[in-house]
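J.: What follows is each chain in one-letter form.
Number of protein chains: 2
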Amino acid sequence: MGKFGKITEVNLRDIRFPTSLEHHGSDAMHGEVDYSGVYVCVKTDSGDGLVGCGIAFTLGRGNEIILKAVEVISKFAIGQELDNIFSNFGKFWRQITQEGQLRWLGPEKGVTHMAAAGLFNAIWDIWGKKVKKPVWKLLADMTPQEIVNLVDFSYLSEVLTKDEAIEILMSNKPTQEERERILLKEGFPAYTTSTGWLGYSDEILAQKCEAALKAGWTKFKMKVGSDLKDDKRRAKLIRDHIGYERDLMMDANQKWDVNDAISWMKELAEFKPLWIEEPTSPDDVLGHAAVAKALKPYNIGVATGEHCQNRVIFKQLLQANALSFLQIDSCRVGSINENIAILLLAKKFNVPVCPHAGGVGLCEMVQHIIMFDYLCVSGTKDGSRVCEYVDHLHEHFVDPVQVNNMAYMPPQNPGYSTEMKQSSLDDHDFPNGKVWDKLIREGKFKT
Amino acid sequence: MGKFGKITEVNLRDIRFPTSLEHHGSDAMHGEVDYSGVYVCVKTDSGDGLVGCGIAFTLGRGNEIILKAVEVISKFAIGQELDNIFSNFGKFWRQITQEGQLRWLGPEKGVTHMAAAGLFNAIWDIWGKKVKKPVWKLLADMTPQEIVNLVDFSYLSEVLTKDEAIEILMSNKPTQEERERILLKEGFPAYTTSTGWLGYSDEILAQKCEAALKAGWTKFKMKVGSDLKDDKRRAKLIRDHIGYERDLMMDANQKWDVNDAISWMKELAEFKPLWIEEPTSPDDVLGHAAVAKALKPYNIGVATGEHCQNRVIFKQLLQANALSFLQIDSCRVGSINENIAILLLAKKFNVPVCPHAGGVGLCEMVQHIIMFDYLCVSGTKDGSRVCEYVDHLHEHFVDPVQVNNMAYMPPQNPGYSTEMKQSSLDDHDFPNGKVWDKLIREGKFKT
Numbered sequence: 001m002g003k004f005g006k007i008t009e010v011n012l013r014d015i016r017f018p019t020s021l022e023h024h025g026s027d028a029m030h031g032e033v034d035y036s037g038v039y040v041c042v043k044t045d046s047g048d049g050l051v052g053c054g055i056a057f058t059l060g061r062g063n064e065i066i067l068k069a070v071e072v073i074s075k076f077a078i079g080q081e082l083d084n085i086f087s088n089f090g091k092f093w094r095q096i097t098q099e100g101q102l103r104w105l106g107p108e109k110g111v112t113h114m115a116a117a118g119l120f121n122a123i124w125d126i127w128g129k130k131v132k133k134p135v136w137k138l139l140a141d142m143t144p145q146e147i148v149n150l151v152d153f154s155y156l157s158e159v160l161t162k163d164e165a166i167e168i169l170m171s172n173k174p175t176q177e178e179r180e181r182i183l184l185k186e187g188f189p190a191y192t193t194s195t196g197w198l199g200y201s202d203e204i205l206a207q208k209c210e211a212a213l214k215a216g217w218t219k220f221k222m223k224v225g226s227d228l229k230d231d232k233r234r235a236k237l238i239r240d241h242i243g244y245e246r247d248l249m250m251d252a253n254q255k256w257d258v259n260d261a262i263s264w265m266k267e268l269a270e271f272k273p274l275w276i277e278e279p280t281s282p283d284d285v286l287g288h289a290a291v292a293k294a295l296k297p298y299n300i301g302v303a304t305g306e307h308c309q310n311r312v313i314f315k316q317l318l319q320a321n322a323l324s325f326l327q328i329d330s331c332r333v334g335s336i337n338e339n340i341a342i343l344l345l346a347k348k349f350n351v352p353v354c355p356h357a358g359g360v361g362l363c364e365m366v367q368h369i370i371m372f373d374y375l376c377v378s379g380t381k382d383g384s385r386v387c388e389y390v391d392h393l394h395e396h397f398v399d400p401v402q403v404n405n406m407a408y409m410p411p412q413n414p415g416y417s418t419e420m421k422q423s424s425l426d427d428h429d430f431p432n433g434k435v436w437d438k439l440i441r442e443g444k445f446k447t
Numbered sequence: 001m002g003k004f005g006k007i008t009e010v011n012l013r014d015i016r017f018p019t020s021l022e023h024h025g026s027d028a029m030h031g032e033v034d035y036s037g038v039y040v041c042v043k044t045d046s047g048d049g050l051v052g053c054g055i056a057f058t059l060g061r062g063n064e065i066i067l068k069a070v071e072v073i074s075k076f077a078i079g080q081e082l083d084n085i086f087s088n089f090g091k092f093w094r095q096i097t098q099e100g101q102l103r104w105l106g107p108e109k110g111v112t113h114m115a116a117a118g119l120f121n122a123i124w125d126i127w128g129k130k131v132k133k134p135v136w137k138l139l140a141d142m143t144p145q146e147i148v149n150l151v152d153f154s155y156l157s158e159v160l161t162k163d164e165a166i167e168i169l170m171s172n173k174p175t176q177e178e179r180e181r182i183l184l185k186e187g188f189p190a191y192t193t194s195t196g197w198l199g200y201s202d203e204i205l206a207q208k209c210e211a212a213l214k215a216g217w218t219k220f221k222m223k224v225g226s227d228l229k230d231d232k233r234r235a236k237l238i239r240d241h242i243g244y245e246r247d248l249m250m251d252a253n254q255k256w257d258v259n260d261a262i263s264w265m266k267e268l269a270e271f272k273p274l275w276i277e278e279p280t281s282p283d284d285v286l287g288h289a290a291v292a293k294a295l296k297p298y299n300i301g302v303a304t305g306e307h308c309q310n311r312v313i314f315k316q317l318l319q320a321n322a323l324s325f326l327q328i329d330s331c332r333v334g335s336i337n338e339n340i341a342i343l344l345l346a347k348k349f350n351v352p353v354c355p356h357a358g359g360v361g362l363c364e365m366v367q368h369i370i371m372f373d374y375l376c377v378s379g380t381k382d383g384s385r386v387c388e389y390v391d392h393l394h395e396h397f398v399d400p401v402q403v404n405n406m407a408y409m410p411p412q413n414p415g416y417s418t419e420m421k422q423s424s425l426d427d428h429d430f431p432n433g434k435v436w437d438k439l440i441r442e443g444k445f446k447t
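Chains as they are written, first to last, in full-length UniProt numbering: chain C, 1 to 447; chain L, 1 to 447.
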């Protein structure tokens, strides 16, 4: 028997927060969203009492579909020795994501891939807890060979081989200690999305801007794409508050066809956005490349990633020069393992990684990945590298993100920062937790 | 109230066939598969007693995930007037596939999209039954404007507009009657995949070849990609039986990285395959383009589609010259509606459509789509156009495919040919139907 024990149980909960009541999270494609997640708890027979907690994030409806998928996938994890998983996580990752019958439902995309991410996230949390390290530090202390063993490199070799990955990782090792010192002192830079949701009135938008400025934020994001006149008015309002020495990013949440994206953004170019995020379908590599090419003369970059299903799409976006900023997500692709492949690809193509976060738990998780990127892969904070930050729902976590002076500070507690408070879990269990029971009885929600 | 009635019920069953016992369907990526489907039954309040039957096809495990997804999605169909759906099916299609919270789980890919396909397939069946036409004929009798109203054209406009689609459809109308006459007489050409599964021994392979030759088949497909020496031996064996005047297609089921696909197929070029199917990840547009370019001098075409998640991927494959043959599937993308967009794209780029079929119910459904293509979109059977055919499991259908003289004959019964026999449904209900109960009690299967 291995020292870490065998997986004996995978318990799941459907956890939802009624964020739609306050129009948090509204954009051109998602009107009313309830930040939610399938909460995955992994237990072992090792007797240490540790529980690995993972989250598969959703917008509410559909959480039950992901839950069912994690349930099905977990059958292939139960009974496995953690020592075997940890010594060749890439192989285990592939067994799960390429299971001969289940792969028909993807492969490596949508519900089944997000479910796998939830399970892997829990396994990462228990790994950190078992070795008493926050996950960013667990990763940073690995050798390049150990790191590449975490990754399934299939479908990447014409662009990135395992040997090249080792070279990249090796090249950063000599200077890593110095970066770790800086990281512990200064953290990793953040930007705020709390200001510019479409659902807010101009008054609230102005208030949010002023509050964010007062707090010291220097990068701001606004949602666009529903109405051009409205976008112009709101962009002017934000620029009037934040000036032109700070950065403004725009996010269309996949609203446009390719040519619409180009013409709409030319109209908004006067507001000098740093990037346009998700201008069109997340599946449209060639479309993003066309948008990037057309907007280059306007100095508007293209950013995407929160809806990119896997490393194969990211590979192509990079091959096609479609990205100025690459936005990884902790729950859409196959957890840290696949994100490491994506970080390596970004490094190869010299494109800065600016993680997507927000929702519930996304900030808590992705901070570990971007800190690992800074320490071991990109080796830099330059190039407008910045991690999204939204100040919602952190109070439900045992070890919530710490943002000081507009920077994520490295977590110190063991694990992946994914563990939620017991009371938060009980209250937000859907549909029977206290919060939902009350809302449903009041007629504010239907199941 | 509309004449077709309102959707009052959507009932679901988990139907599976234990095909893995006989190694049917084995390939380089899928060892043991049990052809399965979520069986979707739509009922209305119109009093005519008609039931629309749809299938969302899977390989066994994971059927329960799709079932859960159809259950969630169906809530948005119940209570809807069929008259409203039929008069603007494209709009309803978009409401379902772009639902503000559920779209996070895709959008338009994987489990949620396949679930939507299952629901839409059932709605197409009931439409045909209500108007007493087989679906191919229902489609063929529509005006170009009615046809484009079935389709969500978003993310396509830089390549294909609604107006161009109408033009294509208009251009075929004058000659449609003549083609319908030919279709009723000759059917649509088929090819067989029953011969070349990886799990078969050389003896069985030889027997299957001889039987297929005797039956008159002229196009054969074999699975490749597990072992090059083995592939060469089996290709030689098949060519020894079928000669070089008949067509041999090869199918790698996504086994390779891009450069592996190229070098492996150069080794098999001596056997003069018409196409290599699924050489690499179905998400890799640029990868398929690279393979297509490298194999062009060898006269080997690239075919893919059964795993292509939606019209956006097909659009790009066509833009990138990655396809010589486009393989639509009746259950992966959003039913007939999205397949019409894909047929129109293929026509625009002048690439022949050769549907994927097999499994359970795929032949029954896709025949309607390819017949519509012949009548109204491509307007031709030329260019090696051929529809896959596998002689398995048709006995479970009320109106099974009729293949005469190596051609699919147009179904005459109303609907989408999706209705299964009550006894087949009852016997194959998973896990409690008679067939499964027995296999589980005998220890041949675990739940």
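Simulated from the structure, these hints should not be mistaken for lab results. One thing to keep in mind: the hints can contain errors.
Since copy identity is lost for identical chains, a pair holds within one copy or between any two.
[What the hints assert, rightly or not] As a list, the in silico DSSO-like pairs of lysine-lysine whose alpha-carbon atoms are at most 30 angstroms apart:
#1 LYS444 - LYS272
#2 LYS91 - LYS446
#3 LYS132 - LYS91
#4 LYS438 - LYS6
#5 LYS348 - LYS293
#6 LYS173 - LYS434
#7 LYS381 - LYS438
#8 LYS293 - LYS3
#9 LYS236 - LYS208
#10 LYS446 - LYS272
#11 LYS75 - LYS255
#12 LYS229 - LYS162
#13 LYS255 - LYS133
#14 LYS272 - LYS132
Predicted, not measured: the structure shown is a model, and the values here were computed from it.
J.: Go through the copies and call it for LYS381 and LYS438: within, between, both or neither, with a Cα cutoff of 30 angstroms.
T.: neither (46 angstroms within a copy, 62 angstroms between copies)
J.: Indicate which option fits the pair LYS255, LYS133 if close means a Cα-Cα distance not exceeding 30 angstroms: within, between, both or neither.
T.: So LYS255 and LYS133 fail the 30 angstroms test inside a copy (41 angstroms) and across (37 angstroms) alike.
J.: Check LYS446 against LYS272 for me: Cα-Cα at most 30 angstroms, and say if that holds within a copy, between copies, both or neither.
T.: So LYS446 and LYS272 fail the 30 angstroms test inside a copy (43 angstroms) and across (60 angstroms) alike.
J.: At most 30 angstroms between CA atoms: does that hold for LYS348 and LYS293 within a copy, between copies, both, or neither?
T.: Close inside one copy (20 angstroms) and across copies (24 angstroms); limit 30 angstroms.
J.: Could you place LYS91 and LYS446 in one of the four classes (within, between, both, neither) given a Cα distance threshold of 30 angstroms?
T.: Cα proximity of LYS91 and LYS446: across copies only (24 angstroms, versus 42 angstroms in one copy).
J.: Within, between, both or neither: how does the pair LYS293, LYS3 come out at a Cα-Cα threshold of 30 angstroms?
T.: neither (53 angstroms within a copy, 51 angstroms between copies)
J.: Since the copies are identical, ignore which copy is meant and state whether LYS272 and LYS132 lie within 30 angstroms (CA to CA) inside a copy, between copies, both or neither.
T.: neither (45 angstroms within a copy, 59 angstroms between copies)
J.: From the Cα coordinates, with 30 angstroms as the cut-off, is the pair LYS236 and LYS208 best called within, between, both, or neither?
T.: within (15 angstroms within a copy, 71 angstroms between copies)
J.: Reference check for the pair LYS438 and LYS6, CA-CA at most 30 angstroms: within, between, both, or neither?
T.: Classified as neither; 40 angstroms inside a copy, 32 angstroms across copies.
J.: Between the shortest in-copy and the shortest cross-copy C-alpha distance, which are at most 30 angstroms for LYS173 and LYS434: within, between, both, or neither?
T.: So LYS173 and LYS434 fail the 30 angstroms test inside a copy (49 angstroms) and across (61 angstroms) alike.
J.: My question is about LYS75 and LYS255: at a cut-off of 30 angstroms on alpha-carbon distance, are they close within one copy, between copies, both, or neither?
T.: Result: close only across copies, 25 angstroms inter versus 38 angstroms intra.
J.: Have a look at LYS132 and LYS91 and pick one of within, between, both or neither, based on CA distance no larger than 30 angstroms.
T.: For LYS132 and LYS91, the Cα distance is within 30 angstroms only inside one copy (24 angstroms; across copies 53 angstroms).
In this structure, the earlier hints numbered 1, 4, 6, 7, 8, 10, 13 and 14 are contradicted, and the remaining ones agree with it.
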